[in-house]
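Asker: Given next are the chains, with one letter for each unit.
2 protein chains.
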Amino acid sequence: MVHYKLTYFDGRGFAEASRQVFKLAGIEFEDVRLPIASPEWEALKPSTPFGQLPVLSVDGFEIPQSAAILRYLARKFGFAGKTPEEEAWVDAIVDQFKDFMGQYRQYIYAVFLKKPVEEVEKAKTEVAIPARDAYFKILNGILEKSKSGFLVGDSVTFADLVVADNLVTLEKNGFVSNEEHLKIVEFKAKIQNLPKLKEWIETRPDTPF
Amino acid sequence: MVHYKLTYFDGRGFAEASRQVFKLAGIEFEDVRLPIASPEWEALKPSTPFGQLPVLSVDGFEIPQSAAILRYLARKFGFAGKTPEEEAWVDAIVDQFKDFMGQYRQYIYAVFLKKPVEEVEKAKTEVAIPARDAYFKILNGILEKSKSGFLVGDSVTFADLVVADNLVTLEKNGFVSNEEHLKIVEFKAKIQNLPKLKEWIETRPDTPF
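First to last, the protein sequences are chains H and R. When the letters of the first sequence are read in order and numbered with the UniProt record's numbering, they come out as residues 1 to 209. When the letters of the second sequence are read in order and numbered with the UniProt record's numbering, they come out as residues 1 to 209.
Here chain H stands alone, though its shape is the one from the complex (with noise of 0.2 Å):
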């Protein structure tokens, strides 16, 4: 049997959407977490391939990147897309997210590093709030044409998974409203309902991120 590791800081951030995909599967993985800025993860970095985490390693064969780990996984168990042309679309999306992410960031950045209270507001209003509007802004128009809820295809994709863990990090932090972003919310509970992750996140360590 294949010896799955999976390596990230003790959250869900990065790497909660290939745990995700482990748990669809049904394939046993260790879920190895370790404390943001711990002697551990100072000990580990020199030996990881890009200094970083997440990192999957298979049999002791070691990929980084979190979107590389994830498709990798989704694509040998059958969630990234069904053609070449799904498979453009889960990975557009995923990339979009990511954009996304690079610019809301800025305002977390701000405020975990305790910055003045005009730096962090300013950081909310004009970056992180314009981004999420047309990050929803996509996602929404996507969802209107889909016939199946999911964002690619008929099934669950590695595009669902990541959008709508983000969206529980987003609704801790305020930035979803139940009555403007509706459908928005209705997709992360679709998702988050499938019986296999329900179950997983009942069980799954709470964490802020």
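Worth flagging that the hints you see were computed from the coordinates, not collected in a lab. Among the hints, a few may not be true.
Any copy, or any two copies together, can satisfy a pair, since identical chains are not distinguished.
[Said to hold, decoys possible] The list that follows gives simulated cross-link-like pairs (lysine-lysine, DSS-like), each with its CA atoms no further than 27 Å apart: (1) Lys98 / Lys124; (2) Lys45 / Lys98; (3) Lys98 / Lys76; (4) Lys137 / Lys5; (5) Lys124 / Lys45; (6) Lys145 / Lys5; (7) Lys45 / Lys145; (8) Lys137 / Lys45; (9) Lys45 / Lys183; (10) Lys196 / Lys76; (11) Lys98 / Lys122; (12) Lys147 / Lys45; (13) Lys124 / Lys172; (14) Lys124 / Lys114; (15) Lys183 / Lys172; (16) Lys198 / Lys145; (17) Lys23 / Lys172; (18) Lys98 / Lys137; (19) Lys98 / Lys5.
Quick caveat, the model's predicted, so the values are computed rather than measured.
Please arrange chain R on chain H, whose structure you already have, making use of the hints.
Answerer: Frame of chain H; chain R shown alone:
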């Protein structure tokens, strides 16, 4: 025959590696280039999938996001890696490149938006140069272990194309030193001297980015 149309701005940027995949594969494509901030682009924008370029049209079916387009073409024409593990590493390197660009771009925008000299200098020394150093360290590490001189496996992949083409831009902006970054300079030459690429590079429009 499938009709491919690749629409982007009049630059190499996030579309050039896809153009190069077409050239390496010997596949005809329509190379549509719009001036940045042009009325043509403003008119087209609302009808693009994500309000952004590049967009690839495959017999009218549209795919957004540069890496998704590139991966789609590269897998179709055999430049995406030969095993799932090689494919994952190609993806990981391209994602690492995109992370680097997210930081490097802060400097480029500061220049482009004609920010005060001190601000440009700060973006260069505090963001762009450290980001380049971290990125080059990763590339160097990969090239040192490579037996073929390619980033992944024993033949050219889209990771090579993305990295080598961006090195052209970094050179133009003074971010590559022939002495300090010898392995990387040699790598760029190796890729861009592949006969079909060399021919394209000699005849393509010369653009600053």
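Asker: Confirm or reject each hint.
Answerer: Against the structure, the hints come out as follows:
Within a single copy, lysine 98 and lysine 124 get their C-alpha atoms as close as 18 Å, and across copies as close as 24 Å, so both meet the 27 Å cut-off. With identical chains, the CA atoms of lysine 45 and lysine 98 are at most 27 Å apart both within one copy (23 Å) and between copies (21 Å). With identical chains, the CA atoms of lysine 98 and lysine 76 are at most 27 Å apart both within one copy (22 Å) and between copies (24 Å). Proximity of lysine 137 and lysine 5 under a CA criterion of 27 Å is satisfied inter-copy only: 25 Å between copies versus 36 Å inside one chain copy.
Taking identical chains as interchangeable, the C-alpha atoms of lysine 124 and lysine 45 lie at most 27 Å apart only when they sit on different chains, with a minimum of 26 Å there against 31 Å within one chain. Only between protomers do lysine 145 and lysine 5 lie at most 27 Å apart by alpha-carbon distance; the minimum there is 24 Å, versus 37 Å within a single protomer. Taking the shortest Cα distances, lysine 45 and lysine 145 sit within 27 Å of each other only across copies (19 Å), while inside one copy they are farther apart (43 Å). Taking the closest pair of Cα atoms, lysine 137 and lysine 45 come within 27 Å of each other only across two copies (14 Å); inside a single copy the shortest separation is 38 Å, beyond that limit.
When the C-alpha separation of lysine 45 and lysine 183 is checked against a cutoff of 27 Å, the pair qualifies only between copies, where the shortest distance is 24 Å, while the shortest distance within a copy is 40 Å. Taking identical chains as interchangeable, the C-alpha atoms of lysine 196 and lysine 76 lie at most 27 Å apart only when both belong to the same chain, with a minimum of 18 Å there against 33 Å between chains. Both within a single protomer and between protomers do lysine 98 and lysine 122 lie at most 27 Å apart by alpha-carbon distance, with minima of 21 Å and 26 Å respectively. In this assembly of identical chains, the alpha carbons of lysine 147 and lysine 45 lie at most 27 Å apart only when taken from different copies (25 Å versus 44 Å within one copy).
Within a single copy, lysine 124 and lysine 172 get their C-alpha atoms as close as 15 Å, which meets the 27 Å cut-off; across copies the closest is 35 Å, which misses it. Proximity of lysine 124 to lysine 114 under the C-alpha cut-off of 27 Å is found in both arrangements, the shortest distances being 14 Å within a copy and 24 Å between copies. Taking the shortest alpha-carbon separations for lysine 183 and lysine 172, only the intra-copy value of 18 Å comes in at or below 27 Å, while the best inter-copy value is 46 Å. For the identical chains of this complex, lysine 198 and lysine 145 are intra-copy neighbours only, at 26 Å inside a copy versus 43 Å across copies, given an alpha-carbon limit of 27 Å.
Only within a single protomer do lysine 23 and lysine 172 lie at most 27 Å apart by alpha-carbon distance; the minimum there is 23 Å, versus 47 Å between protomers. Taking the shortest Cα distances, lysine 98 and lysine 137 sit within 27 Å of each other both inside one copy (15 Å) and across copies (23 Å). In this homomeric assembly, lysine 98 and lysine 5 come within 27 Å of each other (Cα to Cα) both inside a single copy, at 24 Å, and across copies, at 25 Å.
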